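Participant: Here the protein sequences line up with chains A and Z, keeping their order. Counting in my numbering, the first sequence runs from 197 upward without gaps. Counting in my numbering, the second sequence runs from 197 upward without gaps.
Heads up, some of the hints might be wrong.
Which copy is meant is left open, so a pair is good if it fits within one copy or across any two.
Below are the DSSO-like pairs computed for lysine-lysine, each with C-alpha atoms no more than 30 angstroms apart in a straight line [as the list claims (entries may be wrong)]:
#1 K459 / K434
#2 K434 / K395
#3 K459 / K395
#4 K459 / K406
#5 K434 / K294
#6 K294 / K395
#7 K459 / K294
#8 K395 / K406
#9 K459 / K435
#10 K435 / K379
No wet-lab data here; the hints were simulated from the structure. Owing to the predicted nature of the structure, the values given are computational and were not obtained by experimental measurement.
Protein chains: 2
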Amino acid sequence: MNEPELWFTERQTQNLSIGLRVAATLHTEQTPYQSLAVYDTVEYGRLLVLDGCVMTTDADEFVYHEMMTHVPLHTHPQPRSVLVVGGGDGGVVREVLKHPSVERVVLAEIDERVVAVAKEFFPAIAQGLNDPRVELQMGDGIRYVQDHPDEFDVILVDSTDPVGPAVGLFQEPFYQSIYRALKADGLMVAQSESPFANKQIVHDVFHIAKRVFPQAFLYLASVPTYPTGLWSFTLGTKKYHPLQDVSDLRLQQTRYYTGDVHKAAFALPAFVRQHIQE
Amino acid sequence: MNEPELWFTERQTQNLSIGLRVAATLHTEQTPYQSLAVYDTVEYGRLLVLDGCVMTTDADEFVYHEMMTHVPLHTHPQPRSVLVVGGGDGGVVREVLKHPSVERVVLAEIDERVVAVAKEFFPAIAQGLNDPRVELQMGDGIRYVQDHPDEFDVILVDSTDPVGPAVGLFQEPFYQSIYRALKADGLMVAQSESPFANKQIVHDVFHIAKRVFPQAFLYLASVPTYPTGLWSFTLGTKKYHPLQDVSDLRLQQTRYYTGDVHKAAFALPAFVRQHIQE
Numbered sequence: 197m198n199e200p201e202l203w204f205t206e207r208q209t210q211n212l213s214i215g216l217r218v219a220a221t222l223h224t225e226q227t228p229y230q231s232l233a234v235y236d237t238v239e240y241g242r243l244l245v246l247d248g249c250v251m252t253t254d255a256d257e258f259v260y261h262e263m264m265t266h267v268p269l270h271t272h273p274q275p276r277s278v279l280v281v282g283g284g285d286g287g288v289v290r291e292v293l294k295h296p297s298v299e300r301v302v303l304a305e306i307d308e309r310v311v312a313v314a315k316e317f318f319p320a321i322a323q324g325l326n327d328p329r330v331e332l333q334m335g336d337g338i339r340y341v342q343d344h345p346d347e348f349d350v351i352l353v354d355s356t357d358p359v360g361p362a363v364g365l366f367q368e369p370f371y372q373s374i375y376r377a378l379k380a381d382g383l384m385v386a387q388s389e390s391p392f393a394n395k396q397i398v399h400d401v402f403h404i405a406k407r408v409f410p411q412a413f414l415y416l417a418s419v420p421t422y423p424t425g426l427w428s429f430t431l432g433t434k435k436y437h438p439l440q441d442v443s444d445l446r447l448q449q450t451r452y453y454t455g456d457v458h459k460a461a462f463a464l465p466a467f468v469r470q471h472i473q474e
Numbered sequence: 197m198n199e200p201e202l203w204f205t206e207r208q209t210q211n212l213s214i215g216l217r218v219a220a221t222l223h224t225e226q227t228p229y230q231s232l233a234v235y236d237t238v239e240y241g242r243l244l245v246l247d248g249c250v251m252t253t254d255a256d257e258f259v260y261h262e263m264m265t266h267v268p269l270h271t272h273p274q275p276r277s278v279l280v281v282g283g284g285d286g287g288v289v290r291e292v293l294k295h296p297s298v299e300r301v302v303l304a305e306i307d308e309r310v311v312a313v314a315k316e317f318f319p320a321i322a323q324g325l326n327d328p329r330v331e332l333q334m335g336d337g338i339r340y341v342q343d344h345p346d347e348f349d350v351i352l353v354d355s356t357d358p359v360g361p362a363v364g365l366f367q368e369p370f371y372q373s374i375y376r377a378l379k380a381d382g383l384m385v386a387q388s389e390s391p392f393a394n395k396q397i398v399h400d401v402f403h404i405a406k407r408v409f410p411q412a413f414l415y416l417a418s419v420p421t422y423p424t425g426l427w428s429f430t431l432g433t434k435k436y437h438p439l440q441d442v443s444d445l446r447l448q449q450t451r452y453y454t455g456d457v458h459k460a461a462f463a464l465p466a467f468v469r470q471h472i473q474e
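Okay, chain A solo, but in the shape it has when bound (with noise of 0.2 angstroms):
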């Protein structure tokens, strides 16, 4: 009488795993250039996995959508063209389409079965990937970057962890890249990885942005499924300050972000705000 059990298990560091209990497998492939994964979750939903690690689910896939989106773009008084680096599963974009004065968004994502995958099986997280004001870059982001000079309002890097493709994107010269592609009053997001899971990730991306940008700074969200549920965001800006500058909010459709979310999500722990200090 017993049902066979099956679970994904993600071994979020070498000595802490995390795992999910499994209906069914939707999707598996290898790609040019990673793993791809589809399960679906008892607990949370869908899971996207990419090279064995949790990507997203449908349950807390908005937490993490809003804080990388919502932030920076609430921070700019009137973003206008955003580039979303990695991405491919469209939730980010869909959090930027939901800023009125937005009129472009371009997608940099390496791999586009990410893309392709994301619109079969998560379509509540890639719905906004048809819209006529979003432009697909299937390629390197890297290159994209520097080929773009003076072009954006708000860059978000939403990368998978630093190992294969996405090592480029925790190094400093793509955060110069970034400067140069940058407006002279624009601000840029990218994510950072856990505190306490990822001490010299989160330190070493946040001293590369505040080497490159006059002003940088960490917060932080509660996203279940990453290791250890805390994740870290850092915010290089050029011109306006993520705590002073912030204007009415324009939205109401979010599960996470609100105007107090926004500012207390910047009080850091004392470990951390130590940690970023060293």
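Please arrange chain Z on chain A, whose structure you already have, making use of the hints.
Facilitator: What follows is chain Z alone, placed relative to chain A:
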């Protein structure tokens, strides 16, 4: 050449698990109330397990213990007499003792084996238990609260999950007793589980506190080894407001809590705010 791998696994829900690689099993026993185990984990140091659930680890205990304690103790202008229900590991007591106004801390713990094991295997967490201001009351915390009306400035409910001996700690009669055990300007905090994984408990404890106290609040902290990594605390208060009445900070020896974190912890994600308003 492959070393065998030993993993502690907690099934946090029926369909969600966390795994911690174990270097050594240090202690296991069945107490009169629950199973108790201590492991040395590679990722998080020593791990205390009750009835199969992570209670605390060396690496992240500071978050939970600081946030349960310093938010209410900074809200009260002069906490002298504090009761901790549960919390036999001593972590909350240790944090309470950092407040110089505190003259008396009662720890009402039902399972004396938790206290003994904490003293042996978690000396840094249990360090406060031998302080002369601390009074250990081994027995039923519910009865202790009933029998001590009008006695405490702050009561902290550091319970296990609502199964086994802790069920009564999530029910309204217990909070009515807490109300009576508090002085006329007292306040209380109870751990109230994860807003992602335990929505009904978060909702129920908050609404119990709202019925029993003139004012109730929910606040959050990031505890990596608890389900979903995001944990809630319910604060019920007779008089002082946790955002308006917070005085200058009295201490600096914290690793998570700061004055800004205190305020930010009450900035609830939209879905949590909506959930507890329902």
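Participant: For each hint, tell me whether it holds in the structure or not.
Facilitator: For each hint, the structure was consulted:
| no. | hint | result |
| --- | --- | --- |
| 1 | K459 / K434 | both (19 angstroms within a copy, 28 angstroms between copies) |
| 2 | K434 / K395 | within (25 angstroms within a copy, 41 angstroms between copies) |
| 3 | K459 / K395 | both (23 angstroms within a copy, 25 angstroms between copies) |
| 4 | K459 / K406 | both (20 angstroms within a copy, 26 angstroms between copies) |
| 5 | K434 / K294 | within (24 angstroms within a copy, 42 angstroms between copies) |
| 6 | K294 / K395 | between (33 angstroms within a copy, 28 angstroms between copies) |
| 7 | K459 / K294 | both (20 angstroms within a copy, 28 angstroms between copies) |
| 8 | K395 / K406 | within (16 angstroms within a copy, 39 angstroms between copies) |
| 9 | K459 / K435 | both (18 angstroms within a copy, 27 angstroms between copies) |
| 10 | K435 / K379 | within (10 angstroms within a copy, 51 angstroms between copies) |
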